[in-house]
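Protein chains in written order, with our numbering: chain A, 1 to 307; chain B, 1 to 307; chain C, 1 to 307; chain D, 1 to 307.
For the record, the hints were derived by calculation from the structure and aren't laboratory data. Fair warning: there could be bad hints in the mix.
Copies of the same chain look alike in the list, so a pair counts if it fits in one copy or across any two.
[Unchecked claim] As a list, the in silico SDA-like pairs of lysine to any residue whose alpha-carbon atoms are at most 25 Å apart: (1) K99 x E23; (2) K99 x G73; (3) K147 x S243; (4) K99 x H249; (5) K147 x L91; (6) K147 x D42; (7) K147 x S252; (8) K99 x E66; (9) K99 x E283.
The residues making up each chain are set out below.
4 protein chains.
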Amino acid sequence: MSLSDRLTGVIPPLCTPLTPDGEVDTASLIRLVDHLTGAGVDGLFVLGSTSEAAFLTDRMRRTVTETVTAHVGGAVPVLAGAIDMTTPRVLDHARTALKAGADGIVATAPFYTRTHPAEIDRHFRLLAQETGAPVLAYDLPVAVHTKLSPDTVLALAADGVLAGIKDSSGDHDGLRQVIMARVPRFSVLTGSELLVDAALMMGADGVVPGFGNVDPAGYVRIVRYCAAGDWAAARAEQERLCSAFSIVHEGSPTRMGRGSAAIGAFKQALRLLGVIDHATTAEPQIPLSEAETDRVATHLTAAGLLR
Amino acid sequence: MSLSDRLTGVIPPLCTPLTPDGEVDTASLIRLVDHLTGAGVDGLFVLGSTSEAAFLTDRMRRTVTETVTAHVGGAVPVLAGAIDMTTPRVLDHARTALKAGADGIVATAPFYTRTHPAEIDRHFRLLAQETGAPVLAYDLPVAVHTKLSPDTVLALAADGVLAGIKDSSGDHDGLRQVIMARVPRFSVLTGSELLVDAALMMGADGVVPGFGNVDPAGYVRIVRYCAAGDWAAARAEQERLCSAFSIVHEGSPTRMGRGSAAIGAFKQALRLLGVIDHATTAEPQIPLSEAETDRVATHLTAAGLLR
Amino acid sequence: MSLSDRLTGVIPPLCTPLTPDGEVDTASLIRLVDHLTGAGVDGLFVLGSTSEAAFLTDRMRRTVTETVTAHVGGAVPVLAGAIDMTTPRVLDHARTALKAGADGIVATAPFYTRTHPAEIDRHFRLLAQETGAPVLAYDLPVAVHTKLSPDTVLALAADGVLAGIKDSSGDHDGLRQVIMARVPRFSVLTGSELLVDAALMMGADGVVPGFGNVDPAGYVRIVRYCAAGDWAAARAEQERLCSAFSIVHEGSPTRMGRGSAAIGAFKQALRLLGVIDHATTAEPQIPLSEAETDRVATHLTAAGLLR
Amino acid sequence: MSLSDRLTGVIPPLCTPLTPDGEVDTASLIRLVDHLTGAGVDGLFVLGSTSEAAFLTDRMRRTVTETVTAHVGGAVPVLAGAIDMTTPRVLDHARTALKAGADGIVATAPFYTRTHPAEIDRHFRLLAQETGAPVLAYDLPVAVHTKLSPDTVLALAADGVLAGIKDSSGDHDGLRQVIMARVPRFSVLTGSELLVDAALMMGADGVVPGFGNVDPAGYVRIVRYCAAGDWAAARAEQERLCSAFSIVHEGSPTRMGRGSAAIGAFKQALRLLGVIDHATTAEPQIPLSEAETDRVATHLTAAGLLR
């Protein structure tokens with residue numbers, strides 16, 4: 001299993017462009033892939049939370065994976081989320097994604113159900129065993145409402161069950177504990193897109209930044225600065241990205257959820273940058289207003305992304 | 001839409017019997033239906049949380065609904081859970097269930113995602129509009145991690161969007177508020193199986209008791225006592241059921257999740273009572289041990305259910 | 001210890017009237033005591049959450065207890081909250097309250113700290129042992145962020161450590177479990193002021209209703225109806241009180257906390273009823289506006305409390 | 001008010017040594033002060049969470065502050081926690097601490113009560129106004145159950161209300177936002193003792209490390225390495241401290257709270273190092289067993305702290 005050797009650097013979780021009637025916009029999706037690979041990213045992650053995987057039907061999910069793997073043609077690894085509640089349902093998604101050409105699977109602990117750590121352990125072991133593919137754990141307590149404990153993750157890593165982890169928990173104590181174990185052939189990726197310099201300084205292998213859809217080049221630069229030991233430059237670049245990231249706060253919290261505001265802003269930004277055709281988000285998410293979209297544009301201009 | 005007129009009384013959420021290799025055991029499922037209808041229940045609810053809906057693949061879900069509706073033949077209404085993360089995915093399940101003969105759909109607010117109340121409102125309106133079928137809201141914060149506010153529910157009820165609510169939130173202040181609004185053609189069902197006498201006293205229309213799989217006759221008796229104004233008898237019967245319900249605490253919390261312990265106990269009880277053939281639960285749930293199962297049997301004997 | 005024999009019926013948690021400059025308004029406090037005992041309540045609870053105990057300095061707390069016990073003169077039992085973070089600090093408050101004439105102490109589990117159930121158990125045992133006075137456990141997870149488990153409570157009750165519990169947890173399954181244990185000389189009091197009929201039907205001994213400051217006679221009536229087995233009358237009276245209780249929602253959630261809104265509304269109501277002189281609440285709570293106060297008055301009129 | 005100019009570097013939250021009967025052990029406390037200042041720390045913080053402030057009576061709190069300020073004699077600034085539920089009670093503690101010689105006050109948002117952001121804002125403004133002393137906000141959601149939002153903190157900082165923040169929230173996105181605002185005369189201190197290198201790299205002014213009681217020299221070294229731009233050395237020193245910090249996990253979670261385990265381990269370590277005489281912790285905390293204490297010693301030896 002050579003995937004984990006390659007899982008370093010910037011691996012953005014792709015937005016899923018939609019047509020106005022809610023179908024996958026494959027032409028825009030292909031342009032988004034080119035936008036990212038052209039900036040030098042090291043891998044692609046489809047069907048994650050930023051991809052609105054929770055909102056896509058099975059049919060749409062398959063279309064996304066097939067479109068991306070076909071277009072990428074192996075140039076960079078493609079990871080696919082298999083986001084569902086429990087082992088049997090996750091396995092169905094995982095098999096579909098692997099058949100569609102994904103190089104590895106990203107799965108959370110069970111959710112909706114109340115699961116014991118021993119059952120979470122069993123879940124990941126069954127996923128690895130039944131698929132025979134590289135499996136990355138996705139730690140996203142804001143969605144899953146369970147935190148993967150470092151002990152659970154490291155036991156699975158040591159046994160070769162997991163090829164890596166995408167840590168979007170915000171728990172940097174735990175992230176450090178996982179990094180310090182230095183498990184061979186195990187990739188530690190952070191999903192904390194505002195703290196990439198800090199995570200790389202601690203020894204993380206890479207980053208899965210939602211905002212990397214909008215500014216992939218910025219994240220590629222941070223990784224390069226860190227590799228060169230230029231921490232001041234890394235920090236300055238990260239701070240620039242933090243400021244630009246404010247686009248996610250423009251969608252009003254009195255009208256829409258925080259997920260809708262973030263994904264809506266990413267999609268409006270990609271539309272403004274000419275990468276995708278429509279900023280449509282899936283139901284029942286409420287879209288950004290025109291005024292909110294204008295403020296997204298202002299941020300992009302300030303960050304030097306839009307003229 | 002005449003369903004809500006009939007949604008009163010005892011409507012148990014059916015366990016889903018599985019074969020040892022994890023497939024739906026349709027013969028046992030049919031015997032379970034007979035066990036419940038024979039005890040005089042007023043409706044059936046398939047594919048809820050007690051049904052392990054979160055663990056069943058799409059194929060298995062369809063089998064369950066088809067098996068039950070075919071066997072029931074309209075004798076009592078059959079509600080089907082459409083348990084998934086967001087509107088587009090819930091709609092897929094809802095359409096399948098309605099095609100398979102379900103009389104109405106039970107759906108939660110979106111989960112996994114972070115949703116605004118306005119988006120929850122939109123979610124239920126889209127479900128009702130797109131399916132044209134009776135939709136019940138399922139309030140289960142322990143799984144969904146959102147509480148449906150009485151204001152949201154009552155607005156949807158007043159507009160005819162919802163045919164009822166299954167309230168498993170444990171928030172009896174909120175339940176009372178919904179009851180006190182006395183919305184016509186709107187069923188208020190409690191999922192609090194240990195507080196049925198109290199809920200009916202407050203004016204609830206019925207109950208969806210997981211433990212009703214094991215002792216449907218007990219719940220039917222409570223409803224009759226309450227209807228007759230014999231609150232002392234209702235309380236005594238409820239207290240007997242509360243004691244018997246202790247079977248859910250036998251699965252050790254050091255080894256398994258609370259959901260696994262409850263569903264494992266229900267299934268072992270149904271097996272001991274001769275209703276289903278196997279107590280198999282879906283992956284990655286950890287099953288009850290032999291000693292734990294023996295203690296389940298002891299409770300059933302004490303409750304007069306097993307000789 | 002004869003206190004628990006008398007701890008039944010209606011035991012309101014007294015508001016603490018304040019002067020405009022934030023001192024205890026003892027004249028108003030005495031009128032409030034008369035308002036309550038005149039309506040036939042069975043006991044008084046000072047320095048609880050509704051009393052703004054969390055906001056009162058030690059000096060003010062002592063004034064409250066001394067004023068109330070001196071005025072009541074043993075006519076009904078007076079319980080005093082000893083609200084603080086841990087055993088040594090709670091003990092200081094408990095000793096002061098007992099010296100000031102309180103008949104028993106009400107204490108929560110430790111808060112601010114992260115405490116193990118064994119430490120909670122030890123906490124209550126030390127309180128009972130060191131004070132030699134009746135101790136009631138106060139279960140208020142919304143403030144304490146720990147739920148007292150029925151097992152912990154029942155073990156302490158069986159050992160004679162606790163004289164009772166004030167259950168404001170909203171967990172009616174747990175309340176029922178505690179009631180069903182039928183521990184002698186142990187009072188089960190509910191703090192759920194909107195569900196008194198249901199709690200009494202299940203067998204609770206009494207109620208500690210914050211809204212009982214405003215309408216003590218209503219709660220006294222519910223208790224009488226329940227004792228007489230007239231559940232329909234109890235429910236009707238409870239529903240009337242639920243409607244009147246809406247005063248707590250008038251303080252805007254965009255401007256103030258839910259506690260400030262509730263206590264502010266109780267105090268404005270008491271002022272409008274002529275019981276206390278000022279509706280002042282303690283810092284840093286934000287007071288109700290004039291328009292919000294007008295709507296409080298409207299509710300009171302609708303409930304037949306204000307002409 | 002020049003305090004904030006000096007609030008940089010290492011400012012440990014002092015443990016409070018206790019005699020076996022639970023009184024403040026002032027001789028040990030003085031030795032602890034010497035242990036810390038001898039290692040070159042930049043300030044001292046008494047009566048924080050690590051100090052068991054939540055467990056100390058008012059009398060004991062005063063003894064602590066007086067003992068430390070008298071012994072330090074102004075050599076380094078001494079901050080004092082004023083830990084209580086609301087403004088009036090916090091003000092009482094603040095006045096006592098300032099009278100006892102503290103250079104500044106550290107206060108949390110209100111707790112136990114449910115407070116609105118506008119009330120939190122009001123709370124800190126009243127504290128600053130009434131005391132006239134430097135006030136630092138203490139962000140500790142694990143205890144307070146409210147997160148101080150960066151927007152709230154920055155508004156108070158910009159208005160000169162706050163002299164700084166001790167951020168123990170674990171929210172490094174928020175920490176970064178506060179740092180990036182670069183408010184003059186406002187100290188940003190992290191309480192995340194396992195991430196000091198990362199926090200300093202991002203621009204934090206200093207650290208308040210509980211484990212700094214045990215190994216103050218280690219934290220002083222990290223600060224020096226970071227100031228010199230030697231991030232590799234800083235990271236290596238931090239990783240050594242992370243390993244040694246494992247002492248906090250030796251107290252069994254089946255027997256005691258996580259706070260008790262951490263503070264018990266710190267105190268056992270200080271006793272083993274000969275700094276304090278007794279490892280006594282306050283009631284109702286459960287102490288470490290002998291076997292657990294032996295494992296604490298093993299960690300200390302491995303970290304080169306104990307021979």
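Task: Homo-oligomer pair classification [S243, K147; C-alpha up to 25 Å] - done: Close across copies (22 Å), not inside one copy (28 Å); limit 25 Å.
Open item on the list: Within, between, both or neither: how does the pair K99, E66 come out at a Cα-Cα threshold of 25 Å?
Closed with: within (9 Å within a copy, 29 Å between copies)
Open item on the list: Reference check for the pair K147 and S252, CA-CA at most 25 Å: within, between, both, or neither?
Closed with: Result: close only across copies, 20 Å inter versus 28 Å intra.
Open item on the list: Please sort K99 with E283 into within, between, both or neither, judging by C-alpha distance up to 25 Å.
Closed with: So K99 and E283 pass the 25 Å test across copies only (23 Å; inside, 28 Å).
Task: 25 Å Cα threshold - placement of H249 relative to K99 - done: Neither. Shortest intra-copy (38 Å) and inter-copy (42 Å) distances fail the 25 Å Cα cut-off.
TODO: Please work out whether the CA atoms of K147 and L91 approach to 25 Å or closer within one copy, between two copies, in both situations, or in neither?
DONE: within (21 Å within a copy, 30 Å between copies)
Task: Within, between, both or neither, where K147 and D42 count as close if Cα-Cα is 25 Å or less - done: neither (27 Å within a copy, 36 Å between copies)
Open item on the list: Please sort K99 with E23 into within, between, both or neither, judging by C-alpha distance up to 25 Å.
Closed with: both (21 Å within a copy, 23 Å between copies)
Task: K99 and G73: within-copy, between-copy, both or neither at 25 Å Cα - done: Within. Shortest intra-copy distance 14 Å satisfies the 25 Å Cα cut-off; inter-copy 40 Å does not.
The earlier numbered hints that this structure contradicts are 4, 6.
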